[in-house]
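Colleague: The opening residue of the sequence shown carries number 1 in the numbering used here; numbering runs sequentially from there.
Simulated from the structure, these hints should not be mistaken for laboratory data. Every residue gets a Cβ at the ideal spot worked out from N, C-alpha and C, and that includes glycine. Keep in mind that the hints are not guaranteed to be accurate.
Stated by the list, open to error - Label-pair distances were calculated between CB atoms; the ranges are:
#	residue 1	residue 2	range
1	K71	K134	12 to 22 Å
2	S28	I7	17 to 27 Å
3	K134	M1	33 to 43 Å
4	K75	D32	15 to 25 Å
5	D109	R129	17 to 27 Å
6	R31	T76	27 to 37 Å
7	G102	P73	27 to 37 Å
8	D27	P72	20 to 30 Å
9	M99	H69	32 to 42 Å
10	S12	A50	15 to 25 Å
11	V91	T68	37 to 47 Å
Stated by the list, open to error - In silico lysine-lysine, DSSO-like type, Cα no more than 30 Å apart, as pairs:
#	residue 1	residue 2
12	K54	K94
13	K134	K78
14	K71	K134
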Amino acid sequence: MISQNIIDSYNSMITNHDASALLLTLDSNNRDVLLLSKADVNTSYQDIVAQLPKDDLVFLIVPFNYETHEKPPLKTVKILLITWIPEATPVRRKMSGKMIKGEIQQAFDGLQKDLTVSDFDELDYGVIRKLLIK
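Put together the whole structure using the sequences plus the hints.
Modeller: Printed below as a string of structure tokens:
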């Protein structure tokens, strides 16, 4: 279950631009979505990625800023849902996370791209940018 408080935090991030990301996880029963943190608007993408645990599931919702290949390049923002499931995540949490992901996608209007990653290399800014430009 996703609380109205988390939905309100998402809507505020999108409309008021008052955060650079939301980091969500599951409670200890793997049923409810919890807000781990709301990254300050000045926090860089790299600093947000550095906050991710090496052994637990996190749903990262981030307005990803990048430039296109056009001449001149266009500044673009896409709202991403990145499901971070490192290899060391307990199996039960992995399974629960995959089931809850659909609820998250339905609860937040405007998500433009959904990625599931398990390694920090997959979260590299350049790698994500290439996926979005395709």
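Colleague: For each hint, tell me whether it holds in the structure or not.
Modeller: Here is how each hint holds up against the structure:
no., hint, result
1, K71 x K134: 12 to 22 Å, "18 Å, holds"
2, S28 x I7: 17 to 27 Å, "22 Å, holds"
3, K134 x M1: 33 to 43 Å, "34 Å, holds"
4, K75 x D32: 15 to 25 Å, "36 Å, violated"
5, D109 x R129: 17 to 27 Å, "24 Å, holds"
6, R31 x T76: 27 to 37 Å, "36 Å, holds"
7, G102 x P73: 27 to 37 Å, "35 Å, holds"
8, D27 x P72: 20 to 30 Å, "47 Å, violated"
9, M99 x H69: 32 to 42 Å, "37 Å, holds"
10, S12 x A50: 15 to 25 Å, "24 Å, holds"
11, V91 x T68: 37 to 47 Å, "39 Å, holds"
12, K54 x K94, "13 Å, holds"
13, K134 x K78, "13 Å, holds"
14, K71 x K134, "16 Å, holds"
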